Amino acid sequence: MTAAKQEFLDGLRLVLPILVAPVSFSFITGAISVQKGLSAFEATLMSATVFAGGGQLLALEVWYEPQAWLLVMLAAVSINVRFALQAASVQRKINHFTPVQRWLTIATLNDPAWGMSEIRHLSRQVSFWFIFGITVPIYLIWEFGTLAGALLGKLIDDPTKLGLDFAFVGIFIALALPFWKRSGAVPVALASGSVAIAAKLAGFSAMYVFIGAMAGVAMAGLLAARRAKQVQTP
Amino acid sequence: MSVDANTLLVIIGMALATYLTRIAGLWLLQLANVRGRARSAMDALPPAVLMAVIAPTVLATGLAETLAAAVTMLAAFRLPLLVAVAAGVASVVGLRALIG
Numbered sequence: 408m409t410a411a412k413q414e415f416l417d418g419l420r421l422v423l424p425i426l427v428a429p430v431s432f433s434f435i436t437g438a439i440s441v442q443k444g445l446s447a448f449e450a451t452l453m454s455a456t457v458f459a460g461g462g463q464l465l466a467l468e469v470w471y472e473p474q475a476w477l478l479v480m481l482a483a484v485s486i487n488v489r490f491a492l493q494a495a496s497v498q499r500k501i502n503h504f505t506p507v508q509r510w511l512t513i514a515t516l517n518d519p520a521w522g523m524s525e526i527r528h529l530s531r532q533v534s535f536w537f538i539f540g541i542t543v544p545i546y547l548i549w550e551f552g553t554l555a556g557a558l559l560g561k562l563i564d565d566p567t568k569l570g571l572d573f574a575f576v577g578i579f580i581a582l583a584l585p586f587w588k589r590s591g592a593v594p595v596a597l598a599s600g601s602v603a604i605a606a607k608l609a610g611f612s613a614m615y616v617f618i619g620a621m622a623g624v625a626m627a628g629l630l631a632a633r634r635a636k637q638v639q640t641p
Numbered sequence: 022m023s024v025d026a027n028t029l030l031v032i033i034g035m036a037l038a039t040y041l042t043r044i045a046g047l048w049l050l051q052l053a054n055v056r057g058r059a060r061s062a063m064d065a066l067p068p069a070v071l072m073a074v075i076a077p078t079v080l081a082t083g084l085a086e087t088l089a090a091a092v093t094m095l096a097a098f099r100l101p102l103l104v105a106v107a108a109g110v111a112s113v114v115g116l117r118a119l120i121g
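Protein sequences, first through last, are from chains R and W.
Under the working numbering, think of the first position of the first sequence as 408, with each following residue one higher.
Under the working numbering, think of the first position of the second sequence as 22, with each following residue one higher.
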């Protein structure tokens, strides 16, 4: 077995257990799309080209006929700003990729691929095929799940009854564990968590992830500045 | 198969806008030469983003979500990811039924 194939299978094995989340989210996205007046084809096209569940769901929230296209685009962007942060963080770990591999990775960046790459980077180098082993199944499920939801969505009335809305956060909780052991993680987590909660309660229903994450990053910068000062003044 | 021209344009706009947010992450770093303090800040991005996603749902939604998050975390220390997430989903269903 080649190294690339082994890496692909590594990614695939890691992502398989969590595929329940994209299955349910894409199904819900397809069902809501049809409720909002999109055809099944349009819903699937949106999933294939946008490929971002949170952004699609929020855009559909503000989707009326005829569409306020600027509002819809703003909705999609505001919840997807975290991609800019995730791409900025992961790109330093994929410098050894070819330019095409790097572009493909960033253009299809998704939460599981990002999170699992960051965790893998804690112990070894991340490869393109590893990331692809995570992204390919998620991308395929995203399209077929949206189509299925668009065609069969009327069958489930309330997805929160099945607790599926919690699957996404549950995955993030489990993904976050390896980072707590690193030094300085606690103040960063406190800053980003508390600011994110405050932002959400203040009504930033889409931007709170970005705002909270920036607070965490600022805290890390402050801590580093203080450490540097202590070194300079003995 | 029906495609409305206006809808198609909005979908293309969303796709482009989302693509730009992903690609913007590359530009961010090419502008700034990342060393020292900025580097420490960048290293904090993964836990910062994860925490900003988790905290509002876990602590500011309801008691059922808070308890289910604790179950997920405890399970994730010992058990595989799937089992931990399944335990979280199962407990959120049960707790919502019990305490609303």
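Everything labelled a hint here was simulated from the structure, so no lab data went into it.
In this text the structure is predicted, and so the values were computed from the model without any measurement.
Possibly wrong hints are sitting among the right ones.
[Claimed, not checked] Beta-carbon label-pair distances, calculated as ranges:
id	chain 1	residue 1	chain 2	residue 2	range
1	R	A632	W	L37	32 to 40 Å
2	R	L426	W	A118	45 to 53 Å
3	W	G83	R	A632	46 to 54 Å
4	R	R499	W	A118	42 to 50 Å
5	R	F551	W	G83	38 to 46 Å
6	W	D25	R	A632	40 to 48 Å
[Unchecked claim] Okay, the calculated bits of chain R under chain W, using three or more residues with CB under 8 Å as the criterion:
id	stretch
7	439 to 453
8	510 to 516
9	546 to 559
10	582 to 593
Just so you know, even glycine gets a beta-carbon here, dropped at the ideal spot from N, CA and C.
Range agreement (Cβ of A118/W with Cβ of R499/R, hint 42 to 50 Å): About 45 Å separates the Cβ atoms of R499/R and A118/W, which means 42 to 50 Å holds.
Does the hinted range 46 to 54 Å hold for G83/W and A632/R at CB? Roughly 38 Å apart at Cβ, these two residues miss the hinted range, so it is violated.
Under 8 Å between beta-carbons, do enough residues of the stretch 546 to 559 of chain R, three at least, approach chain W for the coverage claim to hold? Coverage by chain W is violated for the stretch 546 to 559 of chain R (0 residues, Cβ < 8 Å).
In this structure, is the beta-carbon distance linking L426/R and A118/W contained in 45 to 53 Å? violated, 26 Å
Given the hint of 38 to 46 Å, is the C-beta distance from F551/R to G83/W inside that range or not? violated, 33 Å
Are three or more residues of the stretch 439 to 453 of chain R within 8 Å, CB to CB, of chain W? As far as the stretch 439 to 453 of chain R goes, the hint holds, because 6 residues have Cβ atoms under 8 Å from chain W.
Are there three or more residues in the stretch 582 to 593 of chain R whose C-beta lies closer than 8 Å to some C-beta of chain W? holds (count 8)
Cβ distance range 32 to 40 Å for A632/R and L37/W, holds or violated: holds, 38 Å
Can you let me know if the beta-carbon spacing of D25/W and A632/R is within 40 to 48 Å? violated, 53 Å
With a cut-off of 8 Å between beta carbons, are at least three residues of the stretch 510 to 516 of chain R near chain W? With 3 residues in contact (Cβ-Cβ under 8 Å with chain W), the coverage given for the stretch 510 to 516 of chain R holds.
Going down the numbered hints, you'll see the structure goes against 2, 3, 5, 6, 9, while the others check out.
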